[in-house]
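Residue-level listing of the chains:
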Amino acid sequence: NAGVTQTPKFQVLKTGQSMTLQCAQDMNHEYMSWYRQDPGMGLRLIHYSVGAGITDQGEVPNGYNVSRSTTEDFPLRLLSAAPSQTSVYFCASSYSGGRRNTEAFFGQGTRLTVV
Amino acid sequence: DAKTTQPNSMESNEEEPVHLPCNHSTISGTDYIHWYRQLPSQGPEYVIHGLTSNVNNRMASLAIAEDRKSSTLILHRATLRDAAVYYCILTGTGFQKLVFGTGTRLLVSP
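Residue numbers (our numbering), protein chains in the order written: chain G, 10 to 124; chain D, 16 to 125.
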């Protein structure tokens with residue numbers, strides 16, 4: 010049981026390049042989400058998904074795309090990288106739990122630098 | 016979203032208990048109180064959560080005030096590995112848009 014796996018761990022991009030950050034979970038969780046963390050700050054929600062085929066925007070969605078074709082995977086696409094997207098990106102998943110309140114599991118993060 | 020207020024930092028000695036406070040005066044009746052922590056260079060890690068009653072697990076205890084406007088995360092015996100940023104977050108049921116503030120940075124001295 011690997012939990013939430015993010016790849017790559019580190020990435021350097023040039024301004025204008027595009028790339029996809031991968032996130033996979035093996036816990037059969039319905040909910041998945043992407044956060045970014047800038048230095049000295051808390052995490053901010055980018056996009057989230059409540060199930061395969063369903064995505065929605067979070068607090069800071071501009072410049073990012075997501076899709077959820079399977080329960081396990083939730084990739085984050087940077088369309089045209091900008092220096093302002095330099096950050097650490099975290100993927101999280103959680104069980105819907107019905108009416109129960111459940112905890113989120115986070116990946117180890119992808120450290121992205123845009124030059 | 017209901018907000019939480021935490022001290023910026025706290026210090027403790029190893030093997031001593033640590034009480035991390037959190038104020039959430041605008042909490043609604045259906046909000047759960049979650050605590051996460053983030054060790055250096057790692058993703059956030061779930062610690063504990065509760066609704067009204069005090070909760071215990073292998074990592075910590077959560078004491079919730081009777082009026083639910085504040086709570087305290089209790090680490091019974093701090094270790095060096097407990098040095099982290101601790102976040103107090105309010106969530107509902109369904110998908111939780113976790114709102115992370117700046118949390119409390121806990122420093123643990125040998």
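For the record, the hints were derived by calculation from the structure and aren't laboratory data. Among the clues, some could well be false.
To be verified - Covered stretches of chain G, going by a simulated chain D footprint (3 or more residues, C-beta under 8 Å):
(1) 18 to 32
(2) 80 to 89
(3) 115 to 123
Unchecked claim - Some but not every residue of chain G turned toward chain D, in silico, with C-beta under 7 Å:
(4) TYR73
(5) TYR104
(6) GLU112
No residue lacks a Cβ here, since even glycine has one placed at the ideal position from N, Cα and C.
Outcome of the hint check:
no., hint, in the structure
1, 18 to 32, "violated (count 0)"
2, 80 to 89, "violated (count 0)"
3, 115 to 123, "holds (count 4)"
4, TYR73, "16 Å, violated"
5, TYR104, "11 Å, violated"
6, GLU112, "4 Å, holds"
The structure shown violates the earlier hints numbered 1, 2, 4, 5.
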